[in-house]
Amino acid sequence: MRQENIKVNNVVRATETTLPRENYVSSEIFELEHRNIFSKQWTYAGHISQIPKIGDYFLHSYAGESLIIVRESADTIRAHYNVCRHRGSQLTKSDSGTVKSFVCPYHQWSFALNGALRRAPMMPDKDCIDYEKLSLHPAAVEVWAGLIFVNLDPAPAESLLELVGPPSECVQKLQPENMKEIVRDLLRVQANWKTLLENYLECYHCAGSHPELGIAFDIQSSYGQTADWGGSCFIGGEPLRKGFRTVSMTGELVSKPLGLFAEEKELPAEVTDGMGLLPVLTRVIFHLDHAIIHTMNPISEREVEWTTRWYVRSDAVEGVDYNPDTVAEVWRATNAEDKELCERNYRGVLSRRFISGPLNPIAEGAVRPALNLIEKLLTY
Amino acid sequence: MRQENIKVNNVVRATETTLPRENYVSSEIFELEHRNIFSKQWTYAGHISQIPKIGDYFLHSYAGESLIIVRESADTIRAHYNVCRHRGSQLTKSDSGTVKSFVCPYHQWSFALNGALRRAPMMPDKDCIDYEKLSLHPAAVEVWAGLIFVNLDPAPAESLLELVGPPSECVQKLQPENMKEIVRDLLRVQANWKTLLENYLECYHCAGSHPELGIAFDIQSSYGQTADWGGSCFIGGEPLRKGFRTVSMTGELVSKPLGLFAEEKELPAEVTDGMGLLPVLTRVIFHLDHAIIHTMNPISEREVEWTTRWYVRSDAVEGVDYNPDTVAEVWRATNAEDKELCERNYRGVLSRRFISGPLNPIAEGAVRPALNLIEKLLTY
Amino acid sequence: MRQENIKVNNVVRATETTLPRENYVSSEIFELEHRNIFSKQWTYAGHISQIPKIGDYFLHSYAGESLIIVRESADTIRAHYNVCRHRGSQLTKSDSGTVKSFVCPYHQWSFALNGALRRAPMMPDKDCIDYEKLSLHPAAVEVWAGLIFVNLDPAPAESLLELVGPPSECVQKLQPENMKEIVRDLLRVQANWKTLLENYLECYHCAGSHPELGIAFDIQSSYGQTADWGGSCFIGGEPLRKGFRTVSMTGELVSKPLGLFAEEKELPAEVTDGMGLLPVLTRVIFHLDHAIIHTMNPISEREVEWTTRWYVRSDAVEGVDYNPDTVAEVWRATNAEDKELCERNYRGVLSRRFISGPLNPIAEGAVRPALNLIEKLLTY
Chain A
1 MRQENIKVNN VVRATETTLP RENYVSSEIF ELEHRNIFSK QWTYAGHISQ IPKIGDYFLH
61 SYAGESLIIV RESADTIRAH YNVCRHRGSQ LTKSDSGTVK SFVCPYHQWS FALNGALRRA
121 PMMPDKDCID YEKLSLHPAA VEVWAGLIFV NLDPAPAESL LELVGPPSEC VQKLQPENMK
181 EIVRDLLRVQ ANWKTLLENY LECYHCAGSH PELGIAFDIQ SSYGQTADWG GSCFIGGEPL
241 RKGFRTVSMT GELVSKPLGL FAEEKELPAE VTDGMGLLPV LTRVIFHLDH AIIHTMNPIS
301 EREVEWTTRW YVRSDAVEGV DYNPDTVAEV WRATNAEDKE LCERNYRGVL SRRFISGPLN
361 PIAEGAVRPA LNLIEKLLTY
Chain B
1 MRQENIKVNN VVRATETTLP RENYVSSEIF ELEHRNIFSK QWTYAGHISQ IPKIGDYFLH
61 SYAGESLIIV RESADTIRAH YNVCRHRGSQ LTKSDSGTVK SFVCPYHQWS FALNGALRRA
121 PMMPDKDCID YEKLSLHPAA VEVWAGLIFV NLDPAPAESL LELVGPPSEC VQKLQPENMK
181 EIVRDLLRVQ ANWKTLLENY LECYHCAGSH PELGIAFDIQ SSYGQTADWG GSCFIGGEPL
241 RKGFRTVSMT GELVSKPLGL FAEEKELPAE VTDGMGLLPV LTRVIFHLDH AIIHTMNPIS
301 EREVEWTTRW YVRSDAVEGV DYNPDTVAEV WRATNAEDKE LCERNYRGVL SRRFISGPLN
361 PIAEGAVRPA LNLIEKLLTY
Chain C
1 MRQENIKVNN VVRATETTLP RENYVSSEIF ELEHRNIFSK QWTYAGHISQ IPKIGDYFLH
61 SYAGESLIIV RESADTIRAH YNVCRHRGSQ LTKSDSGTVK SFVCPYHQWS FALNGALRRA
121 PMMPDKDCID YEKLSLHPAA VEVWAGLIFV NLDPAPAESL LELVGPPSEC VQKLQPENMK
181 EIVRDLLRVQ ANWKTLLENY LECYHCAGSH PELGIAFDIQ SSYGQTADWG GSCFIGGEPL
241 RKGFRTVSMT GELVSKPLGL FAEEKELPAE VTDGMGLLPV LTRVIFHLDH AIIHTMNPIS
301 EREVEWTTRW YVRSDAVEGV DYNPDTVAEV WRATNAEDKE LCERNYRGVL SRRFISGPLN
361 PIAEGAVRPA LNLIEKLLTY
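Residue numbers (this note's numbering), protein chains in the order written: chain A, 1 to 380; chain B, 1 to 380; chain C, 1 to 380.
In isolation and in its complexed conformation, chain A is listed as follows (with noise of 0.2 angstroms):
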């Protein structure tokens, strides 16, 4: 499938390309997709902070599924489809909350929090109903490092950790258990989310379109980087510009040191790492103040949602140690005009003449690996 770019005298073609528009347009490709990638990966649903106590739970839209992520014990969370085993309606009225028990608001059958079924209202007899056969569907869920991510397949081919493997010892030193969310930017983006995704891959646009993130990050040498991902997982954070210590407009830290790093008499010259899971893109930064997590979520073949969450520590007092509005200054820019690239890019895919012409061999690197993975799993 792939065309690897291939020498001729020593000269190195530029033979890969995109994907044939088909892909980005057609509405069956879009639902194939969602059987074989979107219902089988994992991404990042949110942060252990958001449901600290028992029956704490939030919502988590993805890929048009509705998922409740909810606290069942101290040691162990739970996703739930939010869909009631009686009559298929939604459990929740609310977004987020804490609750003994999920009653659907439909008929009050109430679920454990374990997703067990524990009443049907007037039902003649107890076994009338085969009460452990209707427990809430499962999804997958585990916990990295405080982070939660799930996968909609209930018993994915790989667990997170085995893909992932364990954090990092600098990830482990920052503690990102304990930070919080303060920002979260949502965008509709009118794009196919794998126009999205190359835009991510590359930064061979990131000269002439993104001032801010020029600014705060080495983009030399984030060519040679991104070259390096494949796969359905990485490993690493992004690149910042000598002399910065974090991802601000001043190099400047915009909030306290995380974790560990906060006792140090002499921080590190800089601090970047994280990882990154593919295709549908979950990327999480960490740098010595805050964290950054981007993620995807498919609509349609035609739009495809980006959120991006923000993150300090969790005793970090806004207005003191930090404003929200300068810790997500960088990237809330950097958004807003990926927004608007991967828009007129989509435009142009559109069009019935649209054929992928090459990718450049060093800016461009880590595109084609990620879309042999997508055609990978679509012929599975």
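A few of these clues could be false.
Which copy? The list can't say, so a pair holds if one copy fits it or any two copies do.
[To be verified] Below, simulated SDA-like cross-link-like pairs (lysine to any residue); rule was C-alpha separation at most 20 angstroms, straight line:
id : residue 1 : residue 2
1  : 93        : 351
2  : 256       : 181
3  : 265       : 332
4  : 265       : 170
5  : 100       : 188
6  : 53        : 270
7  : 40        : 269
8  : 339       : 74
9  : 339       : 214
Note that these hints are calculated values from the structure, not bench results.
Given the coordinates of chain A, work out where chains B and C should sit on it, guided by the hints.
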């Protein structure tokens, strides 16, 4: 097709469910329903008081079709498809009015009240076209106790009278032909029409969601009553709560007694009568002082219009004999609650994980027979 | 295919109709029309006065495609698909402007005015990509009397000049190349494009619906005239009412005479000339003092955009020689009326009961030949 509830060791096992997900989300099945159900069933269109004089007409929208309901003579009401036989233009600019003939606003072809083509301007010769073959397409229309019913099929398998039978003695005494419409509420419900139907056919959800209905109606006895429903027609009203004379928040009358009841010295404790048509629901409910008519109009597999009309006796005077908001109070609140329940239910049905669970044998007894009817009609 | 009107005992029998309902409501047929008709036909795009200088360009939207119309040299105008040959992004941020080359806003690939790829930044080597194979996709473009026409097919079966022939002596004297656009009205009509086409091709509806047109035009003689139309091109203007010098509410000129007519001592009683292209209508009408150009742009099987542009001589001065609202008055009113007629017609066509009736052999003579052309093109 139907899984009847079976008894094991004298215990009723709830084995009936609603339909497979496909039936609620597929546009192909909706199209099939249009052909086999919507196009062949009797539904309520309006009241004779809307068109008392010859030439009076009103438009009626149902299942994507626009019908002209017109009084041709003292004895005859007609239903014509609102489609000019020349190039297909809709024939009227207003939703109701009084005409001598229908003159198409496009090329002024004119049609008599009975649908016959009268004049096609500028034709070179009177024999140029076959006037006899160019009458408006007819729909079937029947009047039952002053209520106008239509059937998109001009030659229905069964007449409405054959289906429903003549009005009961009680209904006759109420003189529905001497009512007038005082309020009409239209709700666009973002759900499949069958989701709304299922909602109406059971009161399992009433205790938890309908405080107003619970005040006026005897919900407990409604379980047994709806269990009798079945087939494409049912007879009877909705049982009121003990001590309630009519459906109102206090139980007191909200308008003057209907028909001959106004002349009685002593009013009966309760009047509740009516009829219903299935599977696309028309529900007529008579009480001592007013009548309620619910109808549904399927828009697409994802949307249905729910209309409720309230009627009082013709000579009742607004502000003196009745207040429209008081008459409408109980069902207006109930409708709003049901819209929310159905839309939440339907969002769950849209989940690819949805499978219908067991229906409550006691409280949801009328649901499955109606779904059986639908399945039977679809496989005709 | 075509049912010709036949004579029985010397009486013309109206046996021609419009098309089966499917042709107006099916997205599959619309897609086929895109391939066989929209993608191969000449249509009007704009006037040379919009791009007088080298590098001047404007965007033109048609049938879902965006074209860049650009002046490459004094003698050459080009039409390029607005799709970068790298990843497909649209190439311009503005709808019109002046450029030295087109620099894609995404990755700064740059294209010469003639569409040749000039530069792809950061490629490892100049031989890395085949610049010659990465020119912008061309569309065909021809200028006829200063009017710019395009064809989505870069190699049309027939040139515009072969199709239309050279401008008549009268048109040459009017010097259309020395006009300027003073008003442009866009209407989104909720109807199939053929419903709008049928509307334009007959004046059977004019007496009943177009009071303004009836003042300015000789409607009676238009029946005979449109009967001559046929094929994919027709020549001629629209006949004015006796005593009218131009199309206006008074019959008086609404701007200075066009072209060489301005130098004549005595103005002719009436000037009416022009041309039309079918089946997707371009209609150019010249009068003594201004020109009108109608175009249609099919959006979907249920929507079409109708654009009318008005032109006066280049050196006419607004407020002195002409008032834009006066110039546009008759057709602006007529367009609004036609939009309403077509949308009402289309709502009727959407009825599952719609079947087209007989066309008037006198007054709708031009409708069926155009539909025959469409049927022929679809079965190619």
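Checklist line | Ascending list of hint numbers which this structure does not respect | finding: Of the numbered hints given earlier, those the structure breaks are 3, 5, 6, 7 and 8, listed in rising order.
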